[in-house]
Amino acid sequence: MKTNMTANKQMNWSVRTGAVLTLAAGLILSGCGKSDSSGGATSGPKKTVANIGSDTMVNLAAAWAEAYGAVDKSTVIEVNGGGSGVGIKGLLNGTAELANSSRHIEDKEKAELKEKRQLDAKEYVVGFDALSIYVHKDNPLNEITMEQLGEIYRSDGKITKWSDLGVTSIPGGKGDELIRVSRQNNSGTYEYFKEAVVGKKNEFKLGSLDMNGSKDVVELVGKTPNAIGYSGMGYANASVKMLKVAKKKGDPYVAPSIASTHDKSYPIARPMFFYTAGDPAPHVKAYIDWVLSDAGQKIVETTGYVPLPKK
Amino acid sequence: MNPGGGLQPNSTKTMPTQLAQAASPATIKLAAPRASRSPAALMFERVIEVLVYACGISAIIFVFGIFFFVFKEGAPFLAKLSFTEFLFSKEWIPTSSVQPKYGTGALIVGTLSVTLLAMLIAVPFGLGAAVFVSEFCTGKVKETLKITIELLAAIPSVVWGFIGLSVMSPVIIATFHVPVGVNLLNAALLLALMSVPIMVSIGEDALKAVPDSYREAGIALGATKWQLVYRVLLPAAKNGLLAAVLLGVGRAIGETMAVLMATGHAVNIPDSIFDPVRTLTATIAAELGETSHGSPHYQVLFLIGVLLFSITFVVNLAADLVVKGIKKK
Numbered sequence: 001m002k003t004n005m006t007a008n009k010q011m012n013w014s015v016r017t018g019a020v021l022t023l024a025a026g027l028i029l030s031g032c033g034k035s036d037s038s039g040g041a042t043s044g045p046k047k048t049v050a051n052i053g054s055d056t057m058v059n060l061a062a063a064w065a066e067a068y069g070a071v072d073k074s075t076v077i078e079v080n081g082g083g084s085g086v087g088i089k090g091l092l093n094g095t096a097e098l099a100n101s102s103r104h105i106e107d108k109e110k111a112e113l114k115e116k117r118q119l120d121a122k123e124y125v126v127g128f129d130a131l132s133i134y135v136h137k138d139n140p141l142n143e144i145t146m147e148q149l150g151e152i153y154r155s156d157g158k159i160t161k162w163s164d165l166g167v168t169s170i171p172g173g174k175g176d177e178l179i180r181v182s183r184q185n186n187s188g189t190y191e192y193f194k195e196a197v198v199g200k201k202n203e204f205k206l207g208s209l210d211m212n213g214s215k216d217v218v219e220l221v222g223k224t225p226n227a228i229g230y231s232g233m234g235y236a237n238a239s240v241k242m243l244k245v246a247k248k249k250g251d252p253y254v255a256p257s258i259a260s261t262h263d264k265s266y267p268i269a270r271p272m273f274f275y276t277a278g279d280p281a282p283h284v285k286a287y288i289d290w291v292l293s294d295a296g297q298k299i300v301e302t303t304g305y306v307p308l309p310k311k
Numbered sequence: 312m313n314p315g316g317g318l319q320p321n322s323t324k325t326m327p328t329q330l331a332q333a334a335s336p337a338t339i340k341l342a343a344p345r346a347s348r349s350p351a352a353l354m355f356e357r358v359i360e361v362l363v364y365a366c367g368i369s370a371i372i373f374v375f376g377i378f379f380f381v382f383k384e385g386a387p388f389l390a391k392l393s394f395t396e397f398l399f400s401k402e403w404i405p406t407s408s409v410q411p412k413y414g415t416g417a418l419i420v421g422t423l424s425v426t427l428l429a430m431l432i433a434v435p436f437g438l439g440a441a442v443f444v445s446e447f448c449t450g451k452v453k454e455t456l457k458i459t460i461e462l463l464a465a466i467p468s469v470v471w472g473f474i475g476l477s478v479m480s481p482v483i484i485a486t487f488h489v490p491v492g493v494n495l496l497n498a499a500l501l502l503a504l505m506s507v508p509i510m511v512s513i514g515e516d517a518l519k520a521v522p523d524s525y526r527e528a529g530i531a532l533g534a535t536k537w538q539l540v541y542r543v544l545l546p547a548a549k550n551g552l553l554a555a556v557l558l559g560v561g562r563a564i565g566e567t568m569a570v571l572m573a574t575g576h577a578v579n580i581p582d583s584i585f586d587p588v589r590t591l592t593a594t595i596a597a598e599l600g601e602t603s604h605g606s607p608h609y610q611v612l613f614l615i616g617v618l619l620f621s622i623t624f625v626v627n628l629a630a631d632l633v634v635k636g637i638k639k640k
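For the protein sequence lines, the chains are W and Y, in the order given. Under this note's numbering, the first residue of the first sequence is numbered 1, with each subsequent residue one higher. Under this note's numbering, the first residue of the second sequence is numbered 312, with each subsequent residue one higher.
Quick caveat, the hints were computed from the structure, so don't treat them as lab data. Model, not experiment: these values are computed from the prediction. Accuracy of the hints is not assured; some may be wrong.
Sample of chain Y residues at the chain W side, in silico, Cβ under 8 Å [as the list claims (entries may be wrong)]:
1. H488
2. V493
3. L571
4. E598
Each computed DMTMM-like pair below joins lysine to aspartate or glutamate, with the alpha-carbon atoms no more than 25 Å apart [as the list claims (entries may be wrong)]:
5. Y:K412 to W:E191
6. Y:K412 to W:D156
7. W:K73 to W:D289
8. W:K205 to Y:D582
9. Y:K401 to W:E195
10. W:K174 to Y:D586
11. Y:K412 to W:E195
12. W:K205 to Y:E402
13. W:K215 to W:D138
14. W:K201 to Y:E396
15. W:K158 to Y:E402
16. W:K158 to Y:D586
17. W:K174 to W:D138
18. Y:K401 to W:D156
19. W:K174 to Y:D582
20. W:K285 to W:E115
21. W:K161 to Y:D586
22. W:K215 to Y:D586
23. Y:K401 to W:E191
24. W:K200 to Y:E396
25. Y:K401 to W:E151
26. W:K161 to Y:E402
27. W:K158 to Y:D582
28. W:K205 to W:E151
Built from N, CA and C at the ideal position, the CB exists for glycine as well.
The following block holds chain W by itself, in its conformation from the complex:
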């Protein structure tokens, strides 16, 4: 109980989140913790929820955990990254009560959970992660296929010039060179784009401009007529254009939107999940319900992801 009180709301992003972040979060949140611990002494023991998993979701999960502190002071959500697999493994060996995953649980993992703990995995869709393909607003290109994106970004891809995409002149553009804008190699967005477009077994073509934030990508594309880049759907502004994307040549081109994410017609989008082993404990269930509520979904939107369809 003592440790629960001191660890009050202090999120532990140990794995893959940097020491700096941990320190910053620790400093900020231990401050909040102090003010609560006096009240905590009267309101009885605190319950902690170990929330482990996907790195794509770690910022979102941390934002939820922080906001939830104001909603229910008796429950502490401890967020850790490490990857979707780490979260599900946490369910298997009981170190996590709530796993974050940006992929479906595998049948093998389901079977293992059944065998080890005689429990069924319960799945909750908590939001969507969708990436838009951005070009400069003056670029005449409106549509692109996943194959073309692969050719642009893959290390052995053939597309290096705008004329390869049939774009002969971009107003304000200089020359034919196609400037690839990407992300730094340990961001969740980079990982997902690699998985969805480049291919897990392939490498990115070196020499892309690796920006250090979702916003920077859009900013740079808006200033560079020759550029193409990917970033979260929520980052669009007036100086860029989002391309319609088709799964393959001949398929319909779909514009990125909340609706096309929900009906799964937009190809570079994926659901994000919570998993629990069996039915969640009441305090965990309360947290999941809050995440699925309007207040929780508002946070999905503000952190740059796509919220669930409104009921």
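Mind docking chain Y on chain W? Use the hints.
Frame of chain W; chain Y shown alone:
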């Protein structure tokens, strides 16, 4: 004479400076009033002396401490690392799920090329401005210039980076008709602007330190102002001016935030000054934050830190040797 042991080291320490000017009588004069001081005052003197000593050696302790820490974090990977790959390969793919590659060749070339280009721009401007401020202007103009140049040094590097990304990038695209505006030139211009204030203030100090008798002698011989600067002042102040340039180089190599935003941050060996590049510092800044503690990627980033440390060490050492060489002549 009776305080003996306590006083003796004090007086011997102050002696050399005294000796240079006057002979032994001066030291006797100095010792007499000291002996009459109260024990508390002597104690205070001792404490201050120890504190000053601690301040003096703290720099050494910190430098070695930092080097040790950085090296310790990266060391476990040394055994697995191929040095030729690390230093010369231009493939930096540290997060590959198939075969991670840790080649920093392109990053080293990036750091060196940005620094070199920045210095080509900054040295003429910096030293020129130092000469102008110190020799060619007086009164209000001089004060205004000095304050303005110091203001330039007060702009935070992230603001420079923002200027590079948002303001200079479109200007470079439009002016030079190149496809991308965040590139070698953009970053070098920013670094030049950032290192000019350092060069100006150190360079001006160096020129100010040249005795006025040199100037008077030059004028008496009928030299013009430019001849005076070129033939008398620059050679006389060259140590200080070299120090000014090297501090600028240090600033340029170590700068992180501005180059992260303005170079384009692309793993690329540049063909021209309009190509995007990536520097060692920016790579550490961009990638260390989200790398899992103790992973090979994490360790390699610390080895890049060691590499940076070595580069600056070599630059400083070279500077010291050059300065010593000049002194001998």
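**Request:** Could you check the structure against the hints above and give me the numbers of any it violates, in ascending order?
**Result:** none
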